[in-house]
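Between the sequences and the hints, there should be enough to build the whole structure, so can you do that?
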Amino acid sequence: MIGRNLQTAELLYLLVLKELKVRYKRSVLGYLWAIANPFAFAFVYWVAFKFIMRVQMENYTVFILTGMFPWAWLSQAAIQGTGSFTNNLSLVRHVKLPKLILPCSNVLQEMAHFVLAIPVVFVFIALSSEQIHAVPLLWQLPMMLVLQAFFVFPITVIGAVLNVYVRDIQYLVGIMFSVFFFVTPMVYPLSMVPVEYRAYFKLNPAYWLIDSWRIVFAGDVLPLGHIASVIGWILAFSLVAAWVYRRLAGRIAELI
Amino acid sequence: MPVIDVNGVWKTYHNHARLGIKERLVGRRVSAERGRFARNWALQDVSFTIEAGRSLGVVGHNGTGKSTLLSLILGTIEQDRGEIRRKGNIGGMLALGAGCHPDLTGRENIYLNGSILGLRLAEIRQKFDSIVDFSELESAIDLPLRTYSSGMSARLAFSVLAHAHRDVMLIDEVLAVGDASFQAKCATYFADYQAQGGTLIVVSHDLISLQELCAEGIWLHEGKVVHQGPIAATIECYRKFIVETIGA
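Just so you know, the sequences run in chain order A and B.
Heads up: the first sequence begins at 1 in our numbering, then just goes up one per residue.
Heads up: the second sequence begins at 1001 in our numbering, then just goes up one per residue.
Errors might be hidden in some of the hints.
Said to hold, decoys possible - Incomplete in silico selection of chain A near chain B, CB under 7 Å:
#, residue
1, K25
2, E58
3, H94
These aren't lab readings, by the way, just hints derived from the structure by calculation.
No experiment lies behind these values; they were computed from the predicted model shown.
Where a beta carbon is used, it is the ideal one built from N, C-alpha and C, also for glycine.
And the structure:
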């Protein structure tokens, strides 16, 4: 039993490694592209909102970056993971695998990109002459990595299974994340939202995740409410994912 | 005690996969009897058992359920009715290049493929040289798979499967792309494999090599078992049928 789980873990490792290798094998800058993308977006939004829209906020650069990288993990894993069954026909149909390993590898792949980007975020935090509080980081950073992995995985599973039945899901997920990027306080702080609407913004699961990351990067201790909200959403997503998977996973191999 | 026991298996493919908005708008309306409730049986009431150390060859026209049968035995899809009992671990080669990536090297693909077949990394490492030896691909092992010919890819994949020590092996046609000397090598391997109690199920249109490879045979036609018995008799029946249909 343990041997079997270790074997699955090794397979997962090889699949993640495969994707990372394949994606950058024939590019010159390689893994740097993983960081370049959210970074370029952060820069564009920084120019647009700092200088054109004139958002009044201290350390606006750090604010954007600390949200952008976890967001890139969340959205990329969900968008690409939604295709994880449909794009891997031979792995689903012609070989016997634990199927959930495929969306899982998408989540871990994007997590790897995120981990590679963490030092960049800290360089900017240091440049903006904010202090880095090492002690809360040491346990909160790994905790957030685990929480986000569990947050993204069920979303990815739901997308991946539904996409087998209705291919429109992959486009829908892409649009959904574009919308949620602006619904979530990513480029503006929640304090800029009129008070009477703030409660609605807090209904957004991504708000709790992203805000938690900002608190952790700032070196503060996460309030219990944040941890509870993130875990609550993880449970909610997981229940839906389990239900969808049980109902619909049986015919995946023959429908793709 | 049979290793594989297929008992009254029925399989249908539902046609309701086409729910895309595009199909809804511009797709042709499908008539009720051909629509989503239509049942095209891919397999109808298929039953057979196979003992350890035996070999079964499956023949039949394209689209008569041979590959569906192998997928069901492997367990990637599920039957609608009936039961399949399996003993031991099953390894399959149902398609050329399944689980391989063209941009990875032969070496990397051996690891990936081995792991997909259920081997531990340590085992693959230990068997690596032997796998490469068997495949005769020493000179190309660090080149990306996309530079391989289909015969070379098949050799690589089969070499991994041959070293995975499965109790049951499912082979779907794919070996036909190997050259004569590799096919001879496979034949020797299969003889050893069966002598050691391994079970083999092969789908092929190459009736001559199927007759050499297998002891028993099944002829599937439009999802039904038409003939079942010793391979020579099964192939004889199938051949007669081909001659008759061409003659008519």
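Interface restraint verdict for K25 (chain A) against chain B (beta-carbon cut-off 7 Å): Constraint on K25 (chain A) satisfied, holds at 5 Å.
Cut-off 7 Å, beta-carbon criterion: hint that E58 (chain A) touches chain B: This hint is violated: E58 (chain A) lies away from chain B, its Cβ roughly 46 Å from the closest one there, beyond 7 Å.
Hint validity - H94 (chain A) Cβ closer than 7 Å to any chain B Cβ: 4 Å, holds
Of the numbered hints stated above, the single one contradicted by the structure is hint 2.
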